[in-house]
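> Could you build the full structure based on these sequences and the hints that come with them?
Single-letter residue listing:
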Amino acid sequence: MIVAENLHRAFGAIEAVREVSFRAEDGRITGLLGPNGAGKTTTLRMLYALLQPDRGRVTIDGIDTQRDIQGARRRLGVLPDSRGLYKRLTARENIEYFGRLQGLRGTELVSRTDAVIAALGLGDIEHRRTEGFSQGQRVKTAIARALVHAPQNLLLDEPTNGLDVMATRSLRAFLREQRSAGRCIVFSSHIMQEVAALCDYIVVVAQGRVVASGSAEALREQTGEANLEDAFVKIIGSGEGLMA
Amino acid sequence: MSNPLHGGWWTVFVKEVRENLRDRRALGMALLYGPLFGPILFAMMTSFIIGKQLDDAEKPLALAVIGAERAPNLIDFLSQQGVSVKPPPADPDAAIQAQNEDVILRIPETFAEQWQDGTPARLELLVDESRQQTHAAINRVRGLLERYSSQIARLRLQLRGIDPQLGAPLLIAEHDLSTSQSRGGALLAMLPYFLILCAFLGGMYLAIDATAGERERQSLEALLINPVPPTQIMAGKLAATAVFALASVVNCIIAFMIGLHYIRGDEIGLNLTLAPTSALLVLLLIAPVALLAAAVQTIIASFARSFREAQTYLQFLMIIPAIPSILLVVNPIKAVTWMLATPLLSQSLLINQLARGDDLALLDIALSVSGTLAAALLAALVAVRLYRGERLALAV
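Protein sequences, first through last, are from chains A and B. Under the numbering used here, the residue at position 96 of the first sequence is numbered 96, and the numbers go up by one with no gaps. Under the numbering used here, the residue at position 230 of the second sequence is numbered 1230, and the numbers go up by one with no gaps.
Hints should not be assumed to be uniformly reliable.
[What the hints assert, rightly or not] Listed next, the in silico SDA-like pairs over lysine to any residue satisfying Cα-Cα at most 25 Å (straight line): (1) B:K1052 <-> B:I1096; (2) A:K87 <-> B:I1066; (3) A:K87 <-> B:V1014; (4) A:K87 <-> B:L1031; (5) B:K1052 <-> B:T1134; (6) B:K1334 <-> B:A1287; (7) A:K87 <-> B:Q1218; (8) A:K87 <-> B:P1229; (9) A:K87 <-> B:L1032; (10) A:K87 <-> B:R1024; (11) A:K87 <-> B:W1338; (12) B:K1052 <-> B:Y1262; (13) A:K87 <-> B:A1235; (14) A:K87 <-> B:L1027; (15) A:K87 <-> B:R1025; (16) A:K87 <-> B:D1023; (17) B:K1052 <-> B:R1356.
[Unchecked claim] Rough simulated footprint, nothing fancy, chain A against chain B, three-plus residues with beta-carbon under 8 Å: (18) 1011-1018; (19) 1215-1228; (20) 1384-1394.
[Unchecked claim] Now the stretches of chain A that chain B is said to cover, found in silico as 3 or more residues with beta-carbon under 8 Å: (21) 12-25; (22) 96-106.
The set of hints was computed from the structure by calculation and includes no laboratory data. Built from N, CA and C at the ideal position, the CB exists for glycine as well.
So, in structure tokens, the structure goes:
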């Protein structure tokens, strides 16, 4: 479970995140929806403690990220905005490298690597160097290396960016499996359809603030709009940047 | 984390080494072209110099003489001294200017007459002093003519009953105290430069790949999110860079040992060898430089946004190893204490000494190693702390 309380972060005079609070429960997919520049990536970076919040705090399964950053990170699997691989290493070596950095060794490392390779369907390319991988293969490898230590919590920044329809479908199926296994999943997107198709709980962010949150159903009721798209436009005040 | 190899740095170290062993460009530069560049250039230059000296020493001097028939005794003397006298070219001045002849001796018509009178008999040498490579030939002819002149002078004095020693008030004796090793040392003066250059070349690509490269391929953020302190990550990268630099230095020393073995230095009285014990001493002196180079390169490359940008900076850095060597060539100085503690300068001084066959004082070695090691550790400390803040971690 991930809890964000009153997060605030400025870069110089620019207040990227002004007031973000939400609770991402286990066994649920929580979507961070907002137009480009709304503060989603900055919020996620505070969740995985690459950025320190100016105010507020983040707890991962009850661990305060500012008190025990490494302990919190061991419970996190992160697909950040930048997802470069080591092109002279094979997919498997890329995954094992991150497994070792997470503290896995020996047979545990091998079995966990086997497990994520199977879960993401990377079996036929695991021994190929990642140079020349398709966008889909690269994202899958990046997700696999983020999950190799079987973290309870998953943070994914725009995971479907650049993926084709088939890759997107298989990624959705994978995230639903993770939800069924009781994982806490948070992913950010600026694509409304994406969030609507997958999320149990939606946190709408605009101009650095949480402007609404709830299930798709609750958001429709809250705005009095029958159509989800209209509901979002009403909440944010503009439809700009929300369409695929 | 009782086992130090289980700290994150070891994982990072192993991965960086493995990844860069697969990079032909990095590997070639670190283990092949970098280390071989110095020794090959050195071998070529040295062979050229030795070959030229052997040529000049052995080659019979062919001297064109105008009016040889006017001084048969002089011509006999020259022939006895190994000079083969040949007829002059049609246009002597033009032959010198066209560089067909190094030197031409002209015996004027007045020669015989002046000789009989006992007045100084005039001889003329046609030369082009601006041509360096003719100096050996000119000096040889000049020397022979002076010897002939003083021989005749002694004979004339003796004929008149005067002790010829009166005509030689000075006797100058030169004692050349250079050993064959120290004469070789002048050539070996370039050795420290090539070795230091190697220390800088060996880790360059890895330093860039592990920092600016990691940023450019957008894997830095994912890497830093792992539960490993950034200092451990940077320590692993730095260790890998230093190991490549060190491997480069070792290869360079071995290449020099092999190369020097095949150069025929002894034929011109030069002792050009690098004994195994000296080689180990050289390695001990250069090893801290490898760490220093790795740390400085890592720091600089960390601030670059792209591989190419980092490469530009680090190529500028390559000028630095040349500075002490150039200083010592332009202005050969005797080492004083502060110099022996100065990185790069101390290695240049001490390896030069070693190459000249002198023994190194234990204190001097300790001063050089500890001075450079201190600088290296300071730079390493800066390097491993670079990614602790947010700024470098996020600047993409």
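> Look at each hint and say if it fits the structure.
How the hints compare with the structure:
With a CA separation close to 21 Å, the supplied pair B:K1052 and B:I1096 stays within the 25 Å bound. With a C-alpha separation of about 77 Å, the suggested pair A:K87 and B:I1066 falls outside the 25 Å cut-off, and the hint is violated. At most 25 Å may separate the alpha-carbon atoms for a hinted pair to count; A:K87 and B:V1014 meet this at roughly 16 Å. Using a Cα cut-off of 25 Å, the hinted pair A:K87 and B:L1031 holds, with the two alpha carbons roughly 22 Å apart.
Of the supplied pair hints, the one linking B:K1052 and B:T1134 holds, its CA atoms being roughly 12 Å apart against a limit of 25 Å. Between the alpha carbons of B:K1334 and B:A1287 the distance comes to roughly 24 Å, so the proposed pair stays at or under 25 Å and holds. Between A:K87 and B:Q1218 the CA atoms are separated by roughly 11 Å; this keeps the pair inside 25 Å, and the hint holds. A distance of roughly 24 Å separates the Cα atoms of A:K87 and B:P1229; the hinted pair therefore holds under the 25 Å criterion.
In summary, the hint linking A:K87 to B:L1032 is supported, as the alpha carbons are separated by about 23 Å, within the 25 Å threshold. Under the criterion of a C-alpha separation no larger than 25 Å, the hint pairing A:K87 with B:R1024 is consistent with the structure, at around 13 Å. The hinted pair formed by A:K87 and B:W1338 fails the criterion: a straight-line CA distance of about 47 Å is larger than 25 Å. Distance restraint check for B:K1052 and B:Y1262: the Cα-Cα separation of roughly 17 Å lies within the 25 Å cut-off, and the hinted pair is therefore satisfied.
For the suggested pair A:K87 and B:A1235, the alpha carbons sit about 22 Å apart, so the restraint of at most 25 Å is met. About 16 Å separates the Cα atoms of A:K87 and B:L1027, which keeps this hinted pair within 25 Å; it holds. Proposed proximity of A:K87 and B:R1025 is supported: the alpha carbons are some 15 Å apart, at most 25 Å. For the hint linking A:K87 to B:D1023, the alpha-carbon distance of about 10 Å falls within 25 Å, and the restraint holds.
In summary, the hint linking B:K1052 to B:R1356 is supported, as the alpha carbons are separated by about 22 Å, within the 25 Å threshold. Proximity of the segment 1011-1018 of chain B to chain A, defined as three or more residues with a beta carbon under 8 Å from a beta carbon of that chain, is established by the 4 residues found. A count of 12 residues in the segment 1215-1228 of chain B with a Cβ less than 8 Å from any Cβ of chain A is obtained; the coverage claim is therefore met, three being the minimum. Counting residues of the segment 1384-1394 of chain B whose beta-carbon sits less than 8 Å from any beta-carbon of chain A gives 3, enough to reach three: the coverage restraint holds.
Counting residues of the segment 12-25 of chain A whose CB lies closer than 8 Å to any CB of chain B gives 0, so the stated coverage by that chain is violated, three being the minimum. Coverage of a stretch by a chain is defined here by at least three residues with a beta carbon nearer than 8 Å to that chain's beta carbons; for the segment 96-106 of chain A and chain B the count is 7, and the condition holds.
Hint check: violations occur at hints 2, 11 and 21; the rest are consistent with the structure.
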